[in-house]
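Listed here are the chains, written in short residue letters.
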Amino acid sequence: MRFCITGVGLWARGLTSYAAFEAAAACGFSGIGDAAFEPPRPSHIPARERRRAGLLINLAVEVAHQACEHAGVDKASTASVFSSSMGDTTITDYMCRKLAGTERLLSPAKFTNSVHNAASGYWGISAGSRAPSTFVGGFEASFGAGLLEAISQAKGFGGPVLLVAYDVENSSPLADVCEIGETLGVALVVEAERSRVRNAGFAVPAELRFVGTRSEFPVPRACGLAKLAGANPMGPALVLLECCIAGIPDRCSPLRFPATTRGCIELQFLDKS
Amino acid sequence: MADTRVGSDDLRRERSLALNVSINSYTLTSALGTGICALRESLRQNRFCLDSAGWLDCDVPCYLGKVAIPDGVEVPLKWRSRNNRLVELALRQDGFEAAVQAVREEYGAGRCGLVLGTSTSGIDRTELAYRQLDDSGRFAEQFHQPAVHNPHAPTDYAAERLGIAGPCLTVSAACASSAKVFATGKRWLEQDLVDAVVVAGADSLCLSVIHGFHSLQLVSAEPCRPFAKNRSGITIGEAAGFILMTRERSAQTLRLLGVGESCDAFHMSSAPEDGNGARLAMDRALEDARLRMHEIDYVNLHGTGTRSNDDVEGRMCGAMMDDRTLASATKGWTGHALGAAGIVEGVLCLEALSTGLVPGTRNTVDHDAPFDLVLKNRKRSINTALTNSFGFGGNNCSVVFSR
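Here the protein sequences come in this chain order: A and B.
Per this note's numbering, the very first residue in the first sequence carries number 1; after that it's consecutive.
Per this note's numbering, the very first residue in the second sequence carries number 1; after that it's consecutive.
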């Protein structure tokens, strides 16, 4: 399936936009590990909802907003796919601890936010969007699974689709079983190839195919990015972003990363012409 | 009327050429019974399927739509959770595994996909792990199960069991989860990503959902009574269901005709009074199916039994339907299976299409829906059916089937 990436949003330690990613790439991402994590505070969430939004929701809404702005798409009519490997583990931890105790009265707001599509709901309210929105999971393959679904939707709907992929650093006891060592949120606007691309300044065309064999997680080209990419299931997104940066010479070599437990997707980047 | 268009005109033309999707095989395990024969028997006998015996040490007074999972139904420790045991039990019914094996042999495992909707996933097991933390506050050995403590757990287990090697995706959009699987599955077939796709739903009882809905004061102490004047909230249920779909193979078949999705853009846990978000999902589903509302013979309503949900859905459907469309809400039989509600009610639509028995609105006597709600099971040959599923996050999905 051919598609085109037309917008990017990003939030991680030391990398709080795609522009920051491009700038850091120029110096091999040296020093991003020294930066402290700054929690995003998206101003576009309405006040009523903002009070109840935790880190994961703020992260997702922030990168979603960035990507739509970058692509110049209409937020209210763009369909969206949200994807995470572990979901909101802060809420999972809260719910399970509360339910393990004797006083089991849960906070209604926290229970409402415990649905995996909570970030999608906050985004829809913030963007005033009645377009279809979903949450998908593929455990460790969630970035590939989400990208496949977003591209399939872009082809199906014939318009831009927003992919928002994120996992948040977690703590024990869940981290002992499934550790997320770094917080990372990435959003992409993808369009089926034939759609009119509005933002001539940014358009990365590629061809995707599903391959029914396992793939390892790809390793970033820049050593400075390796720790972040290895500490979050959305790591493959960073390798993909490296390929998006103009001037990378071997954009032509295919990029493979997991899209299911047993299969992967292969991306072949194409010439802009 | 609202503009229902999502895509471009070019694409809409292309979609009008899209193939119909054929439903080859299905199974459902819910409070109505284990497998389709038990479901038919429960409906035929007008059996009361909800249970007041409680759940673990849960002190919320309520009825539940439970599945009795026999002791012999176990899964390997790597996968163990009540949710996966429910998946295992459901997969063993109605020759479903054999039906999947046949398409796997015909097309190859890599050309078979799976989309499963769940909201609880294996959280029952995570809850248990937190109740048995060791002295240092960590999970005990038997709970070190990375494949269970994440949203994708039942999908990964079912894919392993069914030998599916194509795309596998979990959809988790609260109570719309396993209605939305039809949209993804249909698209995969249309786009030739797969030759066969299993769409499914699996949600199991756990403390999170009972106490969670209780915190919102939405759990009824009595069996739920959708659309009843004296309705008092939801009854939570559990279920697992599987449907095997391929591109159209014969004229004599059940079909998936269309799916419509939308969001309310209004509030996380309540619907706007005008029901316009939900209406948009129904309009989009009808457009996708190339049908008009008066061509729908039966509507399986979302009908949870809460005051406001039934109000909004009743008004919205009352404005759309004419007198000849039958409508009922079936959560009085099954309980609200949350992430599995879409697949439960999808199967009930397929059953109504194949058997000519339209299920009534169990437990409801005196209703305030602005149309003639079907209260008692009715024999009527129907050709088209639509089901609604609406979830937290303002997520709506409608699905249209035919025979």
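Everything labelled a hint here was simulated from the structure, so no lab data went into it.
Be a bit skeptical, because a hint or two may be false.
To be verified - What follows is a list of derived Cβ distance ranges for each label pair:
1) B:G95 with A:R209: 29 to 37 Å
2) B:R44 with A:D74: 47 to 55 Å
3) A:A19 with B:S270: 35 to 43 Å
4) A:E38 with B:D274: 36 to 44 Å
C-beta: ideal position from N, C-alpha, C; glycine also.
These are the hints, each one checked on the structure:
1. Judged by the Cβ atoms, the range 29 to 37 Å given for B:G95 and A:R209 holds: they are separated by roughly 33 Å.
2. One distance hint, 47 to 55 Å for the beta-carbon pair B:R44 and A:D74, holds here, with the actual separation near 51 Å.
3. Checked against the hint of 35 to 43 Å, the pair A:A19 and B:S270 passes, with Cβ atoms roughly 39 Å apart.
4. Taking 36 to 44 Å as the suggested C-beta distance range, the pair A:E38 and B:D274 conforms, at roughly 40 Å.
The structure meets every hint from the earlier list without exception.
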